[in-house]
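Chains as they are written, first to last, in the working numbering: chain A, 1 to 95; chain B, 1 to 478; chain C, 1 to 495.
The set of hints was computed from the structure by calculation and includes no laboratory data. Watch out, some of these pointers could steer you wrong.
Derived DEER-like restraints, expressed as beta-carbon distance ranges [what the hints assert, rightly or not]:
(1) 2/B / 335/C: 33 to 39 Å
(2) 256/B / 338/C: 26 to 32 Å
(3) 53/C / 83/B: 46 to 52 Å
(4) 398/B / 67/A: 24 to 30 Å
Glycine included, every Cβ here is placed at the ideal spot set by N, Cα and C.
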Amino acid sequence: MTFDRSNLEHVARLAMLDLSDDELDSLAKDLDHVLSHFEAIQKIDVSDIDDTDLAKTITTPLRADTPAGSLSNEEATKQSARAEGGLFVVPKVIG
Amino acid sequence: MTTHYEAVIGLEVHAQLMTRTKIFCGCENRFGAPPNTLVCPVCLGMPGVLPVLNERAVELAIRAGNALGCDIRSRSVFARKNYFYPDLPKGYQISQFDQPVCEGGHVPLGDGRSIELTRIHLEEDAGKSFHPEGGGEHSLVDLNRCGVPLIEIVSEPVIRSAEDAYSYLVNLKRILEYTEVCDGNMEQGSLRCDANVSLRPVGTTTLGTKTELKNLNSFRATRLGIEAEIARQEKILTGGGTIRQETMQWDADRGVPVPMRSKEEAHDYRYFPEPDLPPLLLSQEKLRAVRDAMPELPDAKRERFQTEYGLREYDAGVLTDSAQLARFFETVVKHFPHADRAANFLMGPYLRLQKEQEGDDLLPVEPEALAQLLALEKGGAVSPAAGRQVFEAMVRTGKAPADLVKELGLEQISDDGALQTVVDEVLAANPEQVAEFLGGKEKVLGFLMGQVMKATRGKGNPGVLTPMLRASLEAKRG
Amino acid sequence: MDLTRATITEIAAALDAGSLASTDLVEHTLRETGRLEPEVHAFLHVRDRESLLREAKESDAARRSGGVTSPLAGIPVAIKDNICTIGTPTTAGSRILEGFQSAYDATVIEKLKAAGALILGKCNLDEFAMGSSTENSAYGPTTNPWDPARVPGGSSGGSAAAVAAGMAFTALGSDTGGSIRQPAALTGVVGLKPTYGTVSRRGLIAFGSSLDQIGPLARCVADAALVFDAIAGNDPRDATSADIATGSACDTLHDSIDTIRVGVPRQSWGEGLDAGVEASVRSALDQLGPAVAEITAIDLPLLEASIPAYYLVATAEASANLSRFDGVRYGLRDKQAGTLDEMYKRTRGHGFGTEVKRRILLGTHALSSGYYDAYYLRAMKVRRKIADDFARAFETCDVIALPATPTPAFPIGEQIDDPITMYRNDLYTIAANLAGLPAISIPCGLHDDTLPLGVQLMAPRFEESRLLRVASHWEAKLGTLGRPPRISANGGDAR
Numbered sequence: 001m002t003f004d005r006s007n008l009e010h011v012a013r014l015a016m017l018d019l020s021d022d023e024l025d026s027l028a029k030d031l032d033h034v035l036s037h038f039e040a041i042q043k044i045d046v047s048d049i050d051d052t053d054l055a056k057t058i059t060t061p062l063r064a065d066t067p068a069g070s071l072s073n074e075e076a077t078k079q080s081a082r083a084e085g086g087l088f089v090v091p092k093v094i095g
Numbered sequence: 001m002t003t004h005y006e007a008v009i010g011l012e013v014h015a016q017l018m019t020r021t022k023i024f025c026g027c028e029n030r031f032g033a034p035p036n037t038l039v040c041p042v043c044l045g046m047p048g049v050l051p052v053l054n055e056r057a058v059e060l061a062i063r064a065g066n067a068l069g070c071d072i073r074s075r076s077v078f079a080r081k082n083y084f085y086p087d088l089p090k091g092y093q094i095s096q097f098d099q100p101v102c103e104g105g106h107v108p109l110g111d112g113r114s115i116e117l118t119r120i121h122l123e124e125d126a127g128k129s130f131h132p133e134g135g136g137e138h139s140l141v142d143l144n145r146c147g148v149p150l151i152e153i154v155s156e157p158v159i160r161s162a163e164d165a166y167s168y169l170v171n172l173k174r175i176l177e178y179t180e181v182c183d184g185n186m187e188q189g190s191l192r193c194d195a196n197v198s199l200r201p202v203g204t205t206t207l208g209t210k211t212e213l214k215n216l217n218s219f220r221a222t223r224l225g226i227e228a229e230i231a232r233q234e235k236i237l238t239g240g241g242t243i244r245q246e247t248m249q250w251d252a253d254r255g256v257p258v259p260m261r262s263k264e265e266a267h268d269y270r271y272f273p274e275p276d277l278p279p280l281l282l283s284q285e286k287l288r289a290v291r292d293a294m295p296e297l298p299d300a301k302r303e304r305f306q307t308e309y310g311l312r313e314y315d316a317g318v319l320t321d322s323a324q325l326a327r328f329f330e331t332v333v334k335h336f337p338h339a340d341r342a343a344n345f346l347m348g349p350y351l352r353l354q355k356e357q358e359g360d361d362l363l364p365v366e367p368e369a370l371a372q373l374l375a376l377e378k379g380g381a382v383s384p385a386a387g388r389q390v391f392e393a394m395v396r397t398g399k400a401p402a403d404l405v406k407e408l409g410l411e412q413i414s415d416d417g418a419l420q421t422v423v424d425e426v427l428a429a430n431p432e433q434v435a436e437f438l439g440g441k442e443k444v445l446g447f448l449m450g451q452v453m454k455a456t457r458g459k460g461n462p463g464v465l466t467p468m469l470r471a472s473l474e475a476k477r478g
Numbered sequence: 001m002d003l004t005r006a007t008i009t010e011i012a013a014a015l016d017a018g019s020l021a022s023t024d025l026v027e028h029t030l031r032e033t034g035r036l037e038p039e040v041h042a043f044l045h046v047r048d049r050e051s052l053l054r055e056a057k058e059s060d061a062a063r064r065s066g067g068v069t070s071p072l073a074g075i076p077v078a079i080k081d082n083i084c085t086i087g088t089p090t091t092a093g094s095r096i097l098e099g100f101q102s103a104y105d106a107t108v109i110e111k112l113k114a115a116g117a118l119i120l121g122k123c124n125l126d127e128f129a130m131g132s133s134t135e136n137s138a139y140g141p142t143t144n145p146w147d148p149a150r151v152p153g154g155s156s157g158g159s160a161a162a163v164a165a166g167m168a169f170t171a172l173g174s175d176t177g178g179s180i181r182q183p184a185a186l187t188g189v190v191g192l193k194p195t196y197g198t199v200s201r202r203g204l205i206a207f208g209s210s211l212d213q214i215g216p217l218a219r220c221v222a223d224a225a226l227v228f229d230a231i232a233g234n235d236p237r238d239a240t241s242a243d244i245a246t247g248s249a250c251d252t253l254h255d256s257i258d259t260i261r262v263g264v265p266r267q268s269w270g271e272g273l274d275a276g277v278e279a280s281v282r283s284a285l286d287q288l289g290p291a292v293a294e295i296t297a298i299d300l301p302l303l304e305a306s307i308p309a310y311y312l313v314a315t316a317e318a319s320a321n322l323s324r325f326d327g328v329r330y331g332l333r334d335k336q337a338g339t340l341d342e343m344y345k346r347t348r349g350h351g352f353g354t355e356v357k358r359r360i361l362l363g364t365h366a367l368s369s370g371y372y373d374a375y376y377l378r379a380m381k382v383r384r385k386i387a388d389d390f391a392r393a394f395e396t397c398d399v400i401a402l403p404a405t406p407t408p409a410f411p412i413g414e415q416i417d418d419p420i421t422m423y424r425n426d427l428y429t430i431a432a433n434l435a436g437l438p439a440i441s442i443p444c445g446l447h448d449d450t451l452p453l454g455v456q457l458m459a460p461r462f463e464e465s466r467l468l469r470v471a472s473h474w475e476a477k478l479g480t481l482g483r484p485p486r487i488s489a490n491g492g493d494a495r
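All chains, full assembly: derive it from the sequences and hints.
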């Protein structure tokens with residue numbers, strides 16, 4: 001499998017990363033190179049593995065349904081690049 | 001010849017769970033708080049935070065599964081669903097993907113038929129974004145709702161009409177309320193419905209292109225929205241067009257489905273197992289404990305209402321139709337221990353007004369306040385007719401019944417002299433009816449009583465008036 | 001006492017005896033930091049003198065009134081800057097978190113504070129712990145105290161350099177694929193990566209959530225054991241935290257190792273291993289031999305495959321973990337952007353460095369529709385096989401010994417544009433992360449008498465006590481390296 005600039009543009013959109021033209025070129029080359037090295041794992045026989053869980057008997061711990069307090073509105077919003085009236089402000093959400 | 005189409009509908013219902021805290025952190029799960037005050041580093045997606053699953057949320061999901069006849073998986077897995085949106089702080093939603101907590105099950109339609117379920121899974125709710133009045137270039141984000149526990153109940157695509165979708169939702173809501181899984185408040189968004197709708201020629205089995213219809217936030221919207229979407233698709237297909245796979249939003253004001261922003265590319269959510277949460281393993285003991293703690297279901301409650309409160313079967317059936325109403329009734333009776341009177345009021349004026357307001361939810365009156373009103377009525381401070389006026393005012397204003405009685409001047413008139421004057425005036429004004437009564441038409445008494453009540457603006461004490469009216473008429477026989 | 005070399009045990013004894021005060025430790029640290037930081041750049045933030053001295057005085061007073069029991073009391077500890085601390089910036093070495101202040105302390109910080117330790121400051125790292133050289137920090141590289149032209153390794157390069165240069169008595173790092181052990185080896189200090197689930201990850205800015213562990217970088221194995229004992233333990237706020245009582249690693253440090261069977265993977269001696277490193281590791285094994293029951297060859301057939309398996313799993317997890325840096329609630333935001341998508345793309349495109357973007361893109365690809373099975377899922381299966389291989393190996397041995405790195409520290413700039421070469425630095429370390437095993441790197445000499453080298457030990461899950469016991473005996477034979485001679489001038493005694 002090769003990885004080209006159109007693959008890169010697709011994943012950059014999914015990952016919400018703005019890349020310059022130069023970056024698109026060099027990163028496409030890097031990732032193609034990296035992935036071609038990683039092709040080695042396609043040759044490993046994994047047909048005997050049907051469960052990827054490392055600790056099968058461990059269950060996720062459960063938390064009691066007891067309120068533990070929240071931050072104040074000031075604490076919650078003070079590090080935002082833009083917050084007004086206790087709300088986070090972002091460019092308009094469409095649709 | 002024309003092709004006839006049939007609809008294929010699947011519903012995805014999101015129900016907020018009635019926990020005290022959020023699914024992965026200790027913030028309160030509560031509606032209506034000031035924006036961004038029920039948030040902490042975990043639900044804000046601050047760097048370094050980790051989720052820990054709320055035990056109650058798991059129990060309520062299992063309970064819903066039990067009530068709907070699902071298989072509860074002994075092992076279920078949380079997954080990350082990746083997408084960017086300002087109301088999703090982590091950039092992924094923790095949900096369940098290929099190994100949900102419940103599989104199968106069904107929702108009864110109330111007429112003997114039922115709709116199969118695909119699954120029920122646990123996930124976290126997102127926050128809310130608003131668009132300020134007057135447009136503007138910005139949106140505002142409140143994350144109080146972010147992390148509220150949800151179950152998503154997914155039906156098989158086997159619903160054939162908007163009417164059945166409506167029944168499905170009514171019955172599902174009733175069960176979730178009954179089991180105290182969800183408060184069922186559609187207006188506040190505790191229960192939300194999306195529909196996948198496609199059409200296909202009758203007699204064929206392949207599925208047509210579907211659209212997803214969102215924002216069906218009432219029973220009415222669900223029925224009207226799906227009806228309108230079916231009609232829209234039918235018109236396109238009949239006209240030789242093709243359906244575009246897209247997400248529509250139901251515009252309740254205009255009564256039309258509106259396409260949402262069409263995405264340039266299909267979503268790729270890149271689900272993968274949530275590494276911060278080991279799988280959820282449920283032991284037989286845990287499942288048994290949840291089953292043992294199951295609240296009373298509708299049939300049991302109806303029977304209990306008959307034996308405990310001495311209600312007739314029909315009345316018990318009406319009052320237990322929704323868990324909310326049943327709970328409301330029981331709270332009223334706790335403060336006003338006359339079940340027959342409370343039942344009569346709820347079955348009469350209360351439900352009549354609720355129906356008039358076309359609401360799915362309870363009227364905005366506290367059960368304690370209604371108990372006060374019934375006590376005033378029983379004590380003779382207000383007549384039943386005036387009581388109805390007070391009740392309507394309570395719904396409108398939220399004021400206390402005693403205050404409203406005074407404010408509206410509806411204190412019951414029991415004074416003989418004042419009432420005798422009214423009776424005499426009414427009899428004088430209706431000589432024809434008086435003659436009919438004296439001629440043996442007992443029925444006319446009701447009409448005359450109505451006139452008397454009207455003249456007292458409903459304030460006359462019927463206990464005093466009824467014998468007084470009869471005595472006055474008899475006196476005319478001379 | 002030479003505070004640039006003294007162990008925590010020695011310092012604690014001196015503090016108890018009253019011949020040394022916590023304020024002396026603070027003064028020493030600040031003096032050495034002031035002297036060496038312009039060259040080393042191990043820290044992104046050093047806490048202000050007044051606060052540190054106030055806390056040191058409180059600690060000294062508590063000690064005098066008999067209120068101190070922990071050996072860490074009054075000792076300044078340096079913290080990798082991807083661990084959240086109240087009252088200092090926490091940047092993870094990224095532009096996107098410039099000036100960010102955490103609203104809470106990581107669990108390990110709570111534990112260190114409970115043990116009376118002082119938080120000295122925040123150490124430099126590869127951005128979001130992604131790298132093996134600390135060159136990927138948005139705030140400039142850290143240099144190796146043994147040779148300023150070379151990298152200190154990474155991603156915990158700042159923590160390693162601070163300890164190696166004698167500026168810090170001990171430091172916390174994090175290890176996703178070798179990020180504690182590799183810089184420890186390249187700077188001549190001890191670095192411990194605990195069993196996955198032993199130390200709480202709450203407050204560690206996630207890179208690869210199923211691989212990340214916090215652990216100590218220290219002057220000696222005993223110090224590493226002390227810090228490990230202080231930070232380990234179940235944390236109900238981390239669902240992946242193990243609910244297993246492991247006991248104190250310090251208590252058994254000096255117990256005999258004469259029944260221990262040491263396994264050495266045949267695959268250790270493969271392509272890419274520097275001859276000097278090989279000679280040094282073989283010599284170290286020769287010295288260990290007489291102390292243990294046996295040293296035998298074992299097989300880890302998928303050692304080489306651990307590189308792709310690791311980089312696919314870690315980057316997939318990272319691609320989701322780093323989505324929260326979106327400019328909405330905290331951190332950098334591109335304010336030129338007119339639309340929401342533009343704001344996301346520009347904030348992230350400009351806020352992240354090249355290696356971080358490379359890894360987000362790789363991980364996004366590994367999870368994306370059509371590639372998930374071939375990359376992410378397959379990597380997870382290979383990971384499972386590697387864990388099974390270890391389980392099999394531990395049927396015939398008690399610990400595994402192998403090199404920590406394939407080469408000594410390399411020159412700054414040499415590998416930065418060559419991801420595959422850079423990723424190969426992790427060849428010997430990442431298998432322990434994939435299998436969740438505890439592993440430690442201890443110094444085993446100098447390469448050409450100039451650059452430190454490390455040898456590594458791995459043990460079965462939750463066997464930190466065994467791991468540290470063998471490491472402690474081995475360290476006694478190999479000796480510690482102390483501070484690089486070139487920076488020792490003018491350094492030294494507090495009194």
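Structure-based check of all given hints:
1. 2/B / 335/C: 33 to 39 Å: Cβ of residue 2/B to Cβ of residue 335/C: about 58 Å, so the range 33 to 39 Å is violated.
2. 256/B / 338/C: 26 to 32 Å: holds (30 Å)
3. 53/C / 83/B: 46 to 52 Å: Once the Cβ atoms are compared, 49 Å apart, the range 46 to 52 Å for residue 83/B and residue 53/C holds.
4. 398/B / 67/A: 24 to 30 Å: With Cβ atoms ~28 Å apart, the hint holds.
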